[in-house]
Amino acid sequence: MTVHGEIMSPPEIDPGLAAAALAVFAHRHEVVHLLYAAGDEPDALTRIADLLHVDEATISRVLDQPLRWMLPQFRIELEAIAADPTTPPTT
Numbered sequence: 000m001t002v003h004g005e006i007m008s009p010p011e012i013d014p015g016l017a018a019a020a021l022a023v024f025a026h027r028h029e030v031v032h033l034l035y036a037a038g039d040e041p042d043a044l045t046r047i048a049d050l051l052h053v054d055e056a057t058i059s060r061v062l063d064q065p066l067r068w069m070l071p072q073f074r075i076e077l078e079a080i081a082a083d084p085t086t087p088p089t090t
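Position 45 of the sequence shown, counting from 1, maps to 44 under numbering that gives the first Met the number 0, and the rest follow consecutively.
Worth flagging that the hints you see were computed from the coordinates, not collected in a lab. Heads up, a few of these hints could be off.
As the list claims (entries may be wrong) - Derived DEER-like restraints, expressed as beta-carbon distance ranges: (1) Pro84 - Pro41: 29 to 35 Å; (2) Gln72 - Asp49: 28 to 34 Å; (3) Ser59 - Asp83: 21 to 27 Å; (4) Ala37 - Ala82: 29 to 35 Å; (5) Thr85 - Ala56: 30 to 36 Å; (6) Gln72 - His28: 19 to 25 Å; (7) Phe24 - Ala56: 33 to 39 Å; (8) Leu50 - Ala82: 30 to 36 Å; (9) Gln72 - Asp42: 20 to 26 Å; (10) Thr85 - Glu29: 27 to 33 Å.
Cβ atoms here follow ideal geometry from the backbone N, Cα and C, with glycine treated the same way.
Let the sequences and hints guide you as you build the complete structure.
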């Protein structure tokens, strides 16, 4: 992945993070609305976590990822990772 001209390695993805990313995608319209309605970052994390029933730390990790995760080819990969219980979680 290239960020501002620098080549970066892709983030490690565990099943929980992949599942949360898919939930954010599935509710992307509501998530964007909550981001705009929030007073600050902690408020946004709380609102999104409440909507998706996912902990705030995981929501923060999802929001830190590049938007390219939402492209179809990456969603297929996220679905495969989310379904694989043998993948160790990352922190």
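Hint by hint, here is what the structure shows:
1. Pro84 - Pro41: 29 to 35 Å: holds (31 Å)
2. Gln72 - Asp49: 28 to 34 Å: holds (30 Å)
3. Ser59 - Asp83: 21 to 27 Å: The hint (21 to 27 Å, Cβ to Cβ) holds, given that Ser59 and Asp83 are roughly 23 Å apart.
4. Ala37 - Ala82: 29 to 35 Å: holds (31 Å)
5. Thr85 - Ala56: 30 to 36 Å: violated (23 Å)
6. Gln72 - His28: 19 to 25 Å: Because 22 Å falls inside the window, the suggested range holds.
7. Phe24 - Ala56: 33 to 39 Å: violated (19 Å)
8. Leu50 - Ala82: 30 to 36 Å: At 23 Å between Cβs, range violated.
9. Gln72 - Asp42: 20 to 26 Å: violated (33 Å)
10. Thr85 - Glu29: 27 to 33 Å: With Cβ atoms ~32 Å apart, the hint holds.
When each numbered hint is compared with the structure, violations occur for hints 5, 7, 8, 9.
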